[in-house]
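Colleague: Sequence:
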Amino acid sequence: MADLPPLSTEPYKGTRDFYPEDMFVLNHILGAMRTVSERFGYLEYGASPLESTELYKAKSGEEIVNEQTYTFTDRGGREVTLRPEMTPTVARMVAGKRRELAFPLRWYSIPNLFRYEQPQRGRLREHYQLNVDIFGVEGSEAEIEVISVAAGIMQTLGARDEDFTILLNHRGLMNAMMAELGLSEEQGRKLSKLIDRKNKMEASAWSAVAKEIAGEAAATAEKALASEDLGTFLEHLPALAAHPAVTELEEVLRGLAVSGVRNVRFDPSLMRGFDYYTGVVFELFDTAPENRRALFGGGRYDDLLSIFGADKLPAVGFGMGDVALRDFLEVHGLLPDYRPATRLYICRADGAPSEAIMALAAELRREGVNTAVDFTSRKLGDQIGSADKQRIPYVLVVGERELESGTFAVKELATGTETSLSREELPAFFR
RNA sequence: GUGCCUAUGGUGUAACGGUUAACACUGGAGCUUGUGGAGCUCUCGAUCAGGGUUCGAUUCCCUGUAGGCACCCCA
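All letters in the first sequence, in the order written, are residues 40 to 470 by the working numbering.
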């Protein structure tokens, strides 16, 4: 056999390996997502990462599917895509069993999602994303609830109010603004794109482009978009004061205040990229300048089920990725201290029969103590060293002496203190 | 797809264009044999690839590759 170059030990571009310490952090994050979602009455669902490509073509358009997804043809000639987002899947599932499900429907899932792009901070090719969706609620209670879930997750992870901000806007309000400014649909679309880039451009350059698109109306638009609250916004566009979107936004802000979510404000320059949003949209941002990406984003999408031939169904949901969230925790010093699941490491002093150790370990495991056994005949120091390196909190040395006397010394590695216990007392020590 | 930055043992760093590429940690072996988590000794292990400039390249230049960051896009 010819000598082949050794294989790389790097994970595939844009993906991560989760060594136990990393897995611990991931589980910490996903655990908070689960706990809080379930606290609000959301039920977990799941689906395959493989979906028929047409599911995304129907909604996202050819370009995104062709250039930004993992798409291939299977052996049966079917076009297959690794899911780049969960919303089409959940819409498909809900549409499929619409008559059998109990509404309002509260569902969540934490799928791994894939996109073919250049990896960068906060954005990889595979990530985990919590999806929280509520179906069948027309009123603003739906928005208030899902935003509360997101804020609750941030809180559970240790974030304080000043660490993040939630921004709100409304698609209907923006459309009304475009009409009020006398813009055509095409102009409106262009201006929307431009609004999305407002923070990335020089103010003067932005104004120039805005004027190119909207003409005289650009000045009003710019002033209105700079507003940090609804009142100021409406001063620039008084004709919109009676628009239903304004009422909805006010309801959401009031409802969140009542629910204890205070770091939230209206921001007319918030534009979520996708077209399927029909009402309130929202995003959550880190206040630390290192993390410029949204930590989560979502909104109301009442029309999405129509692609499955189903009737309209009111729906509000958001997605929250693990990558940006991890960056957030890191910057704010909120990463948890690693704790292995293993609590006890049994060291074998030379000569002790392994059967006796197995029996003891089995007894402890039956009592719920996560126990690993070192069956090597290494020096005790090396065995203890292994336990310490794995950050296992307790060690138990088992040799002839202990087996004969029935007395065991449990050593806590962090402090070095030893506790002498009989065999019967052992399991209770770990409770 | 575009731009900028980076590339030295497993990891983190060092080396004015000039000895045998240095140091720490990690890994392996040993000394000590029931608590030696340590200490000591020994040891494995690297200049991303190819080309160019030069008496001489880890160092300068070009190309490629890989990674990071940003743009595009953002589900």
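Among these hints, one or two may not hold up.
[What the hints assert, rightly or not] Once the Cα atoms are required to be at most 16 angstroms apart in a straight line, the calculated EDC-like pairs of lysine to aspartate or glutamate come out as:
#  : residue 1 : residue 2
1  : Lys52     : Glu165
2  : Lys229    : Asp314
3  : Lys428    : Asp376
4  : Lys237    : Glu261
5  : Lys262    : Asp314
6  : Lys418    : Asp389
7  : Lys262    : Glu274
8  : Lys229    : Asp200
9  : Lys351    : Asp341
10 : Lys229    : Glu274
Keep in mind that the hints were calculated from the coordinates and are not lab data.
Colleague: For a quick check of understanding: which of the numbered hints are violated here, in increasing order?
Modeller: Of the numbered hints, 5, 8 and 10 do not hold.
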